[in-house]
Amino acid sequence: VTAEAMLQQGKVLALTKKPLMALKKFEDLEKRYPHSSFTMKARLERAKTLFELQSFKRSLKILGDISRALPDEVYTNPDLLLYTGYNYYELGQLQAAREALTKALNYFPHLENKDLVLTRIADTFREDGMGVKAMKLYDLVARTYPDTEGSVISLIRVAEEAEKAEFKSSDDSDGQGIVEN
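For the sequence shown, position 91 (counting from the first letter as 1) is numbered 180 according to the working numbering, and the numbering increases by one without interruption.
None of these hints come from the bench; they were simulated from the model. Careful, some of the hints might be misleading.
Mimicking BS3-like on lysine-lysine, the simulated pairs with C-alpha atoms at most 30 angstroms apart in a straight line are [unchecked claim]:
1) 222 x 253
2) 120 x 146
3) 203 x 146
4) 225 x 203
5) 150 x 107
6) 146 x 100
7) 222 x 192
8) 106 x 120
9) 130 x 106
10) 225 x 253
11) 192 x 225
12) 257 x 203
13) 100 x 113
14) 146 x 222
15) 130 x 192
16) 107 x 203
17) 106 x 146
Sequences and hints are given; from them, build the entire structure.
Structure (structure tokens):
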């Protein structure tokens, strides 16, 4: 009961924007109850909190430790793959991010924020120089998940690319008729 209470306290602290206190609570739980069923949950929450604190490498290390200790956990908890993907994305490891996020979608087809995950995958394509794939995925998100945050982000990305293309074509046509004396 105490381990579960500590986990809940840590989650509340994280939600109330007290991440350092939340980290301390999760670490205390892990030290005091190393064999509790709540220890792995506390580790995962610690990794998520570290992500929010932009400590991506530390977060990724914890997620990797969980995956190695409990390899089947990736099939039961989507946050493990999602936060792995988000950390990789923030670290600029776009292919690793894409792979983790794609696995999350494949293993958990009923994810609540599927539109945002797909948009993030499209972002990895865009930033990896695969603009056509990115645009197709943004278009899919906008059509499949209208009125969602992912749809809005996708439409913004498509508009940005259209603006770039228009600007580039106007630059190209502006310079063609000029003859130097």
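Structure-based check of each hint:
{"no.": "1", "hint": "222 x 253", "in the structure": "17 angstroms, holds"}
{"no.": "2", "hint": "120 x 146", "in the structure": "22 angstroms, holds"}
{"no.": "3", "hint": "203 x 146", "in the structure": "25 angstroms, holds"}
{"no.": "4", "hint": "225 x 203", "in the structure": "16 angstroms, holds"}
{"no.": "5", "hint": "150 x 107", "in the structure": "22 angstroms, holds"}
{"no.": "6", "hint": "146 x 100", "in the structure": "21 angstroms, holds"}
{"no.": "7", "hint": "222 x 192", "in the structure": "18 angstroms, holds"}
{"no.": "8", "hint": "106 x 120", "in the structure": "23 angstroms, holds"}
{"no.": "9", "hint": "130 x 106", "in the structure": "19 angstroms, holds"}
{"no.": "10", "hint": "225 x 253", "in the structure": "17 angstroms, holds"}
{"no.": "11", "hint": "192 x 225", "in the structure": "19 angstroms, holds"}
{"no.": "12", "hint": "257 x 203", "in the structure": "33 angstroms, violated"}
{"no.": "13", "hint": "100 x 113", "in the structure": "11 angstroms, holds"}
{"no.": "14", "hint": "146 x 222", "in the structure": "28 angstroms, holds"}
{"no.": "15", "hint": "130 x 192", "in the structure": "20 angstroms, holds"}
{"no.": "16", "hint": "107 x 203", "in the structure": "28 angstroms, holds"}
{"no.": "17", "hint": "106 x 146", "in the structure": "21 angstroms, holds"}
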